[in-house]
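Construct the entire structure; sequences and hints are all you get.
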Amino acid sequence: MAKGRITIDPERCKGCEICTTVCVQQIIHLGDQFNRRGYRAAVVVDPEGKCTGCALCALSCPDTAITVYRQERLREPRLEKMAVVLA
Amino acid sequence: MTKQLWKGNEAVAEAAIRAGCEAYFGYPITPQTELLEYMSWRMPQVGRVFLQAESEVGAINMVYGAACAGRRVMSSSSSPGVSLMMEGLSYIAASDVPAVLVNVMRGGPGLGNIHPAQSDYFQAVKFGGHGDYHPIVLAPASVQEAIELTALSFDLAEKYRHVVIEVLDGSIGQMMEPAEMPEMQPVRLERPAWALTGATERPKNVISSIRIDSEGLEAHNLHLQDKLAHIRGCEVRYKEYWLDDADLVLVAYGTAGRIALSAIRQARAEGLRVGLLRPVTLYPFPTERLARLAKQAQAFLVVEMSAGQMLEDVRLAVEGRAPVRFYGRMGGAVPMPDEIFEVVRGLCYALRPPKPSGNGHHPARRPQPEDPGPQGAD
Amino acid sequence: MTDMQETVVFQRPETLEDTYTNYCPGCTHGTIHRLIAEVIDELGIRERTIGVAPVGCSVFIYNYQNVDFAVAAHGRAPAMATGIKRVQPDKVVFTYQGDGDLAAIGTNEILHAASRGENITVIFVNNATYGMTGGQMAPTTLPGQKTTSSPSGRDVEIQGWPMRVAELLAPLPGVSYSVRRSIHDPRHINNAKKAIRTAFRAQLDGMGLALVEILSACPTNWHLTPVAALEWLAKHMLPYYPVGDYKISEGLQ
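Protein chains in written order, with the numbering used here: chain A, 854 to 940; chain B, 12 to 389; chain C, 25 to 277.
Worth flagging that the hints you see were computed from the coordinates, not collected in a lab. Incorrect hints may have been included.
[Said to hold, decoys possible] Straight-line C-alpha distance at most 25 Å; calculated SDA-like pairs for lysine to any residue:
#1 856(A) / 115(C)
#2 218(C) / 874(A)
#3 903(A) / 65(C)
#4 903(A) / 218(C)
#5 215(B) / 115(C)
#6 115(C) / 56(B)
#7 215(B) / 30(C)
[What the hints assert, rightly or not] Anything over 10 Å on all C-beta distances counts as not near chain C; from chain B, calculated:
#8 76
#9 137
#10 170
#11 171
#12 219
#13 220
#14 232
#15 279
#16 298
#17 299
#18 302
#19 326
#20 357
Cβ atoms here follow ideal geometry from the backbone N, Cα and C, with glycine treated the same way.
Next comes the structure, spelled out in structure tokens:
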């Protein structure tokens with residue numbers, strides 16, 4: 854399973870809750886902190902690391918407040934194989 | 012350059028092209044349409060932009076766009092069409108982008124007719140668009156002057172990043188006169204720094220007329236008022252004839268100015284001390300010159316092809332120091348010289364019987380003075 | 025031990041300014057702004073793109089896109105864009121307009137820009153209301169839809185029928201691309217982005233006017249929560265405004 858992670862810019866978020874409804878893992882919900890503009894910014898709580906980095910939340914965010922990261926396994930560098938052929 | 016026979020509308024179009032006009036957007040409306048027609052073949056011929064818009068509303072907003080792109084651009088129309096352009100002009104005015112509009116004025120209000128008139132003075136000078144603003148308004152009285160003022164319109168528009176309206180009345184647009192066309196100026200290729208040309212290796216430019224906070228909009232208005240004060244200070248232009256010893260000063264512009272001059276020659280031939288002040292810039296208005304004349308003149312007679320609009324600015328300038336009479340024709344009717352002459356003669360005798368002039372000649376028999384020709388601040 | 029490397033898979037596009045937007049929570053103008061910025065980045069045209077903003081909530085789009093911008097008079101953006109494009113045809117010019125701007129006061133301008141085949145891209149945001157002025161009936165307000173100027177619901181007998189712009193412009197020969205999209209869920213957002221990219225490509229290929237009508241949500245004036253607004257859009261607007269392709273010139277397939 855792909856591993857992912859997101860960050861939500863608390864000051865940019867307007868608490869519209871759209872992301873909370875599209876998150877397949879249901880790990881985003883409104884926090885209880887108010888940001889400078891008085892909105893309850895959304896927060897992600899993902900102790901079990903369910904986030905797959907699918908980015909549906911970020912895609913749906915009208916304020917582009919969400920950044921999405923994904924852990925990807927570093928593929929073997931193909932260089933060594935090349936070296937064998939040349940040798 | 013030799014003189015050629017030019018129709019006013021076409022002369023203005025060619026003059027604009029020779030002044031480097033890069034784009035023209037217009038719409039058919041009599042008595043201006045030949046200007047558009049001329050542009051429709053001449054602009055492509057010199058590789059520039061011509062487009063007939065869906066309406067005057069479309070046309071002026073295309074002008075606004077091209078002006079934002081830092082191009083020399085103009086439109087032309089006639090009275091009802093210019094009314095449709097007022098919204099666009101107000102946006103252009105607020106954006107400090109240069110634009111030139113030619114209004115070949117016709118009888119109004121409403122659909123009116125296609126005869127020449129000057130009843131759009133207020134619309135141009137006081138500005139029919141919303142907000143505090145005055146375009147620079149130029150008024151030629153001949154095809155030659157229309158050619159010269161067209162080039163001047165572009166220069167003033169760019170110098171002040173301002174709206175310039177050149178008002179011809181229908182007759183100047185429609186008549187033909189021998190005139191000299193200036194040399195073709197090269198089209199300028201470099202664009203002002205503020206122009207919308209794509210943010211290549213520079214921060215983006217935004218041209219907008221919205222200033223949502225009142226402090227911002229007031230500051231912008233103060234800037235516009237400063238600009239207008241500067242324009243009033245150094246861009247006034249007028250022509251004057253026989254004013255040195257004039258008891259009665261006529262004030263008239265455009266075709267009315269020209270007709271008034273014929274009447275004045277008749278009056279001078281009868282020894283009446285009459286002169287003419289012919290504003291060339293309706294804005295900035297020659298207020299100071301009129302104020303000085305108010306010390307010397309016993310009366311003013313304003314002649315317009317309207318119900319009397321410039322009349323009010325003359326009264327403001329004279330400030331009651333002398334009576335300001337008015338003679339006008341409306342609805343596209345054009346006053347004849349002898350009509351004006353009758354009014355002039357009546358006024359001269361009504362003011363006071365003519366003083367015996369110094370050398371004892373009875374004024375009526377005084378030899379006709381040489382026509383001094385136009386003098387005035389250029 | 026294979027080491028894991030974290031990469032960013034979604035972030036703010038470069039052309040989208042950092043400026044905090046004036047839009048209400050859940051207003052999908054913001055979503056559409058991002059899609060445009062992403063397309064401009066991907067096509068590499070930021071430095072030669074000029075936008076024309078409407079009058080309406082999105083008048084401040086010039087603060088949110090890092091491209092040259094002009095602000096047009098209400099409804100006049102297509103005419104202004106014509107003026108900007110005709111004097112510099114190598115530039116990429118797009119208008120961003122709401123339904124009051126394009127389909128009410130500006131109908132004549134968009135109709136003629138389309139009829140002329142003006143080489144511009146038009147992003148037409150349809151949220152069935154006049155947002156900035158507080159929710160009045162727009163030309164796209166649905167039959168029966170309550171607004172502050174159709175308080176008992178739009179009565180087609182009195183106020184006529186809502187206008188389907190994408191279908192209206194499609195038959196004009198000057199139009200190369202006329203489609204409707206929506207942004208009420210991720211799949212539709214992705215399809216909207218593809219349409220916006222095609223509409224910009226149409227301009228780059230000089231094919232004539234390209235328009236993308238995008239159904240958009242206005243929670244504040246629909247008096248709904250942002251989430252409920254997207255559901256209302258899907259339930260009420262989609263049937264009257266079907267998402268679809270109403271014109272795609274062959275060159276654009």
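Each hint, compared with the structure:
1. 856(A) / 115(C): violated (42 Å)
2. 218(C) / 874(A): holds (24 Å)
3. 903(A) / 65(C): Violated, because 31 Å separates the two Cα atoms, which is more than 25 Å.
4. 903(A) / 218(C): violated (29 Å)
5. 215(B) / 115(C): OK: residue 215(B) and residue 115(C) at ~14 Å, within 25 Å.
6. 115(C) / 56(B): Roughly 23 Å between the alpha carbons, so the hint for residue 115(C) and residue 56(B) holds.
7. 215(B) / 30(C): violated (33 Å)
8. 76: It is violated; residue 76(B) is separated from chain C by about 3 Å at its closest Cβ, not greater than 10 Å.
9. 137: holds (21 Å)
10. 170: Non-interface label on residue 170(B) holds, nearest chain C Cβ at 21 Å vs cutoff 10 Å.
11. 171: holds (20 Å)
12. 219: violated (4 Å)
13. 220: violated (7 Å)
14. 232: holds (18 Å)
15. 279: The claim holds: residue 279(B) sits with its nearest Cβ about 50 Å from chain C, beyond 10 Å.
16. 298: Correct as stated: the minimum Cβ-Cβ distance to chain C is 33 Å, above 10 Å.
17. 299: holds (36 Å)
18. 302: Residue 302(B) clear of chain C: closest Cβ-Cβ about 39 Å, beyond 10 Å.
19. 326: holds (35 Å)
20. 357: holds (50 Å)
Checked against the numbered hints given earlier, this structure breaks hints 1, 3, 4, 7, 8, 12, 13; the rest are met.
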